[in-house]
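Chains as they are written, first to last, in numbering that gives the first Met the number 0: chain A, 0 to 224; chain B, 0 to 369.
One or more hints might be untrue.
[Claimed, not checked] Pulled a few chain B residues facing chain A out of the computed Cβ check, cut under 7 Å:
| id | residue |
| --- | --- |
| 1 | Ile81 |
| 2 | His89 |
| 3 | Leu102 |
| 4 | Tyr131 |
[As the list claims (entries may be wrong)] For the chain A half of the interface with chain B, some residues (derived, Cβ under 10 Å), not all of them:
| id | residue |
| --- | --- |
| 5 | Gly86 |
| 6 | Ala114 |
| 7 | Gly118 |
| 8 | Ser123 |
| 9 | Gly128 |
| 10 | Arg133 |
| 11 | Arg137 |
| 12 | Ile142 |
| 13 | Val144 |
Think of the hints as simulated: they come from the structure by calculation, not from any bench. Think of the CB as a built atom: it goes at the ideal place given N, C-alpha and C, for glycine as much as any other residue.
Listed below, chain by chain, are the residues.
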Amino acid sequence: MPGVPVREEPLVRWDWIGRNWPAIQALLADHAVMALVPVAVGLLVALPVGLAGARWRGLYQPTVGVVNVVYSLPSLAVFIVLIPVTGLATRMTVMVPLAFYALAVLIPAVVDGLASVPGHVRQSAVAMGFTPLRRLLRVELPIAVPVVLAGLRVATVSSVSLVSVGALVGRGGLGYLFIDGWQRQFPTPIVVGIALVVLLAAVADTLLVLAQRLLTPWARARGTA
Amino acid sequence: MITFDGVTKRYADGTVAVDDLSLEAPTGEITVLVGPSGCGKTTSLRMINRMIDATEGRVLIDGVDVRTVDPPTLRRGIGYVIQQAGLFPHRKIVDNVATVPHLLGWDRRKARARAMELLERVGLDPGLAGRYPFQLSGGQQQRVGVARALAADPPVLLMDEPFSAVDPVVRASLQEELLRLQAEFTKTIVFVTHDIDEAVKLGDRVAVLRVGGRMAQLADPATLLARPADDFVAEFLGRDRGIRRLSFVSGEGLRLRTDLTAPASAEVSSVRGTAAPWLAVVDADDRPLGWVRVGELPESGTLADVRLAPYGTFVRGRDSLRGALDATLLSPSGNAIAVDDSGRVRGVLTRETLEEALRQAAGGAGGARA
Ligand SMILES: Nc1ncnc2c1ncn2[C@@H]1O[C@H](COP(=O)(O)OP(=O)(O)OP(=O)(O)O)[C@@H](O)[C@H]1O
Ligand SMILES: [Mg+2]
Chain A
0 MPGVPVREEP LVRWDWIGRN WPAIQALLAD HAVMALVPVA VGLLVALPVG
50 LAGARWRGLY QPTVGVVNVV YSLPSLAVFI VLIPVTGLAT RMTVMVPLAF
100 YALAVLIPAV VDGLASVPGH VRQSAVAMGF TPLRRLLRVE LPIAVPVVLA
150 GLRVATVSSV SLVSVGALVG RGGLGYLFID GWQRQFPTPI VVGIALVVLL
200 AAVADTLLVL AQRLLTPWAR ARGTA
Chain B
0 MITFDGVTKR YADGTVAVDD LSLEAPTGEI TVLVGPSGCG KTTSLRMINR
50 MIDATEGRVL IDGVDVRTVD PPTLRRGIGY VIQQAGLFPH RKIVDNVATV
100 PHLLGWDRRK ARARAMELLE RVGLDPGLAG RYPFQLSGGQ QQRVGVARAL
150 AADPPVLLMD EPFSAVDPVV RASLQEELLR LQAEFTKTIV FVTHDIDEAV
200 KLGDRVAVLR VGGRMAQLAD PATLLARPAD DFVAEFLGRD RGIRRLSFVS
250 GEGLRLRTDL TAPASAEVSS VRGTAAPWLA VVDADDRPLG WVRVGELPES
300 GTLADVRLAP YGTFVRGRDS LRGALDATLL SPSGNAIAVD DSGRVRGVLT
350 RETLEEALRQ AAGGAGGARA
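Let the hints inform the model, and build the full structure from the sequences given.
The structure is reproduced here in structure tokens:
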């Protein structure tokens, strides 16, 4: 047909991927670290905070309120505000807000998890002579695991996807590929970026599901049995 | 022995759940606390293992004020069974049962061996040991709850409506099981229920509480049924109290007639002259075959050729007057066949003899009201 450009850009140029594979791998690794470290840190902080929240209910609502406000801030705005503190294009600038986002999901997950321990189970633990600490470690936390893990899955997947936004402040792991492709009107990096983000999220989620199977065989058949 | 000495529990909101309760639960006996919802049964029970502390008064176990004992230590020596079993969902059955031995620091192998032994004692298939609680029926879970409470062989057992969440058939078998276990282990048991039938079935002594946490009556079941202290107790005991209390009157002394039985091999002609209207026919081994009406005997042959009417029996020495009454009601002759433990006929209980016994039993209920 006349008027149609001779050379049309294909959706994926495999040769480009081949040539840039080492760089793509580095971005993927950076992305994974920036996405997962905040979730891990978030979990470490959410456990004691959640325990305190479950123990002193009065403390819980204000804590959740504060964390939710943080959660509602647009991620880009937070990244920009943090630049003077943590530096432009550093991992920290991206990871600090992400850790707060993880907290916003994980603190309620820990509190809800502990609340999912049936009252009669807690009471029979008391009646059998568990000390409070031992009861927490041996009875309440293990029973809270499915709910906490469900929260952890949400936090992980959203963290993996949010890292990309960091590209706008110079450090976004695979997000760099979106900016690169968009600036050059070149779809291949965008497609690669999307595919790898989704893959990373899927792998992380699958690992968590496997962990859940392993950690809580007693909860597996609950829904199906 | 567990002693409540003027115990009052007032909750923070001012609710008086237990009011000046004094009570003794003797060692090796089942003491039942029974009463309507909210009368303070659970509160009373939990003051024994200090899940709740009394506001006033003292609770003593074998003379030791429970408040002088550190709660976890106290509780490891007291078995506790509740309505929903309270099993740990994340632990296998065997580990659930081994919980207290673990807390007491037994080595793992010994604790597990003990758990397996107890599963068997409470009538559970040891094959269930590796399952999780959600894989068990309600009745099975309740048995595990009992096994868990007994695991460290505590001298005291507290049970808070342990059987009220299971269907009546399972409940009856769990009750039987408890009585069997009690005969074997002889614990000091405090058992809470709101079911008066369960109370009189299981209790050596029954404490009836009224709302507000006051004791209405403390008595053995027979006395309770025969002589309720007041209208509240009588009402709580419910209908059919007269018949139910016959369960506690022994059938042992009932006079039996031995002239109203005949072997199946007997010639019809040899029994035709019997003055009574019905004869109980027995086989060569003295086991009951049924009733024959003397007026309807055939011309000839033996009793083995006659069609017999079905019969009611009671076990002499084991069944109560209630069992004897039941047997007469099931029998077309109005008389009951008394058998011994091995099922051999010992004689016939006539309705007249039974009525006399019932009259005497009613006399024993002297001051009964309502
Ligand atoms: N923590 C609490 N704070 C205030 N009041 C309470 C508390 N626990 C129980 N009560 C009240 O104390 C009274 C006795 O309660 P308790 O649980 O001992 O009754 P119960 O005889 O076991 O009843 P049920 O048969 O329904 O189990 C009730 O009026 C109840 O509402
Ligand atoms: Mg109760």
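Hint-by-hint comparison with the structure:
no. : hint   : verdict
1   : Ile81  : holds, 6 Å
2   : His89  : holds, 5 Å
3   : Leu102 : holds, 5 Å
4   : Tyr131 : holds, 4 Å
5   : Gly86  : violated, 45 Å
6   : Ala114 : violated, 15 Å
7   : Gly118 : holds, 9 Å
8   : Ser123 : holds, 3 Å
9   : Gly128 : holds, 4 Å
10  : Arg133 : holds, 8 Å
11  : Arg137 : holds, 9 Å
12  : Ile142 : holds, 6 Å
13  : Val144 : holds, 8 Å
The structure does not agree with the numbered hints 5, 6 stated previously, though it agrees with the rest.
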